[in-house]
Amino acid sequence: MNAKLRQAFGFISSLKLTIVVLAAALVLVFGGTMAQVHLGVNEVQKEYFQSLWVWAPIGSQGLRVPIFPGGHLLGAVLLINLITAHCRRFRWTWRKLGIHLIHAGLIIMLAGGLFTDLFSVESYLRLGPGESKNYSEDSQRTELAVIDESDKDFDQVTAIPDSVLGKGGAIEHSSLPFRIIVAHFYENSHLALIEREGAGQPAASQGIGIHVALTPQPPSASEDANNVASAVIEIVPPVAPGEVTAAPLGTWLVSEALAAPQEFSCAGKTWRLELRARRYYKPYTLTLQRFTHERYTGTDIAKNYASLVTLIDPDRSENRDALIYMNHPLRYRGETYYQSGFEKNDSATILQTVHNPTFLAPYVACAVVGAGLLVQFALQYGGFTRRQAAALAT
Amino acid sequence: MIKRNAPWLAVLLGLVWLAANWWPPAKKTGDFDIATFGRTPVLTDGRVKPLDTVARNSLVIIHGKQTLSLDNGQTLEPMEWLTDALFNSPTASGYPVFVINNPDVLGLFHWQQTQRKYFSYAELAPFLTQIDEQGQKAEGVDSKQRSRFQTAIINLRNGLILYQGLENSIQPEDTDHFANEISAYLAAAPAGLAATQHRQKGEAFDKDKFNQMGQWVDRYQTLSDAANILAVPPAAAGAGEWLSVGASLLQSMGTGQANPAVKAYALIGDAYRAGDASLFNQEAQDLSQWMARSQPHATGNSSFESLFNRMAPFYQALVLYVFAFLLVAWSWLGNNRGFNRAAFYVLILALVVHTFGLGARMVLQGRPPVTNLYSSAIFIGFGTVIIGLVLERIYRDGMGAACAALIGFITLVIAQHLAESGDTMEMLQAVLDTNIWLATHVVCITIGYSAMFLAGMLAIFYVVRGVFTRGMDRDAAQSLARMTYGVICFATLFSFVGTVLGGIWADQSWGRFWGWDPKENGALLIVLWCALILHARWGGYIRQRGLMMMALFGNIITSFSWFGVNMLGIGLHSYGFMEKAFPWLVGFIVSQLALMVVASVPLARWRSFHAAQA
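Chains as they are written, first to last, in our numbering: chain S, 1 to 394; chain V, 395 to 1008.
Keep in mind that the hints were calculated from the coordinates and are not lab data. Computed from a predicted structure; not experimentally measured. Glycine included, C-beta positions come from ideal geometry on N, C-alpha and C. Incorrect hints may appear among the rest.
Unchecked claim - From the structure, some residues in chain V lie toward chain S, with a derived Cβ separation under 7 Å: (1) A629; (2) Q902; (3) L922; (4) H929; (5) G933; (6) I936.
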């Protein structure tokens, strides 16, 4: 190892770096907490904690500069610092056992946190009484579903995620005999009936879009306000034999605000179009039997929410009831269902669905660090009382 | 002589003081036995509690404090006031009970602000519509955006609604003789019910009887809707719900029998208005015996809770902490070991009283010690005093005892103020309804706070003593630094374990280990700060004074985590905006920063070290 490399290794494994990163983390967490007053927890999470840098706008030109290291950067540096410091200074002695355990646990925790940020998926399952679903929905992301109903036994669904729609341009897929051209995609929008408002331009040339005017809205970061995604798309049928180009069938407005899917015919089939919350399909079905919402007598304070669901999984021949209630989720096939909320007048239950392959990491980390702290504390306390006894004896 | 016996004399003094406070007041024949009546269990805000607690909580909400001074100089205990409010509306409405501090609210009534802060219901009665309108308007504004006037008018409106609810909880406020009224109602019920049934079937019916019945039903439905107290227990514990007097009377329509509790309450109220103390006492005794038979558990708890209320253990502990601190201060001035030991034993006495209060709350609630901000203040004091006593036992220099006494005192004062929002044993929201996590996560975090504040207090003593007095020699400074370091290690352990347990709870109930919620971030800040202190010390970047300055800053971080994040008014953990506490928090933070500035003057100018060099 040459001198420069050794110097660099010395720096990244130094205690000084640990202290600088810890101090920076302190500032970041404080700043991120205060920023929640204006930004809301979701936005802060993205901008402060799940980012490499915290960016701030400069002037009114939309120019943004990094002003502080973000959570991912600090976490990664701390992780590297921890691991390298361990490599450099690791000496096996009983006296250091506690310290080693604490830091090993912290490595697991930091790595687990990073994995969770990257790989966990949160969605929700909204069920009315008696309703069955084999999918959960994303509260932030959307998809354009193109549904072929020609088969009696099942629907053939082609789902185009919002990330693809957002890029615009033409979309082709082997299951679709036509091309979809995204004319516009809006993360947030407001729709109004032209007849009722008495003004406005039709958003599209086909379907309900003839009657609807669309106003783009800036996407909202707040937790309460929901964004209404919309898109205007054009369907271009396959080129007929002998022709050079095909005439488009027209444009359609698709939006989360539209309750019903729209239909059109192409290539001898009827297709349905729908922009909806992105769905995550499961190999099993959950059916809501009963939702209960208890309150304390004479008050509106919630005492308990509980959802009784039936879980049917043909693959694993599971058919059983499960009760999901506060602090008691249902864990099944890598997914966890939590009682998270309910709709007005208890008309539906909302279950939070989390797919987190590294959910065990914090548990393991906690056990390891906890053991380390106890060992360390016991050793320190032992030494301290011996010194103290000696001091009092003199 | 005094020196040697100081510990025992001091403890004896403390005990005498407690006994004097706890000795039941002498009963005179001819007095209303309000105490027995106050032990009667009722249900409000989802919890069974004695009327005595209802009286105290309501008075605190409406009046801002637990005793009511009348214009003639007489003072009323909470139960005396409540008995009047329940049974004797004309008298009660003359009491100056509603506190109005805001000049704009007074201006609404065209009144000038004077020395008077308290107003009677009768005085406010002409403005009820106005108060209601203004209050409703203000309710529409987000609580963080409200002006002082809006907050004040909402408080006044809530107080009035609560008061009206109490007036109509046990009987209609306008009844002359409630027992007779009930008899008349029950006598009229069969005929009225028959008329109603005939009418429903389309047969001929007695119109007068039907209308009369309609008036009765309206009267008791209104009473039931207005009631703040559910006074009628189910037939047996667990066999149904508690009902208001109005609702119970409506049920009696079919049976023709009033519930025994309703009858007893009616007789008690009638006797009270008639000034018949012996009948009142007899009926209150009967009601209490009937309750004990039909609701043994609730009655037992209620009796215990009213005893707990009367003993006011946290207030007694608060006074004892002041006493203990004075003893330590005396021991320093006179360099007197006897007073040092006296302080130690008085602290133990205070801790026993404090622990009794904490335990009583746990028994009454059936919960671990910390369930809300109020109980966290109580528990922080409790934790600090224990750690402080351990330090005192080891070092015997009065530092541990002084810090324990001061923090015990301050946290109990904070708790007294937090109790102004009403019931401190309110029912828990569904997600918090889990004793395992309350007992582990919340307790660990709160012990972490205790240790952080103790370390901070030790640092305050270090700086003040070192800079401003000649009293801190090298040994004293070193032992303070060792104490502080040990306490910070302790804080690190509990804060870290508590934070991670919180993450596991969140994973169990929301599906995410960490959500960057303000309260979670607050806990993380403490952990990060502790880690920073320990690493800086191990790396040799800080020494004695640096450690103390970081411990001072730890006070700021801990107070932000404990109180500050709640003031952000967002997140799953927030307890609501605490307008009054905000200036105090800012003041505390500024004072700690000022101490850090003081601590950073060159060591040569610290009087203690200067003295040592000279």
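Structure-based check of each hint:
1. A629: violated, 15 Å
2. Q902: holds, 6 Å
3. L922: holds, 5 Å
4. H929: Cβ of H929/V sits 5 Å from chain S, so the hint holds.
5. G933: holds, 4 Å
6. I936: At about 10 Å, which exceeds the 7 Å cut-off, the nearest Cβ of chain S leaves the hint on I936/V violated.
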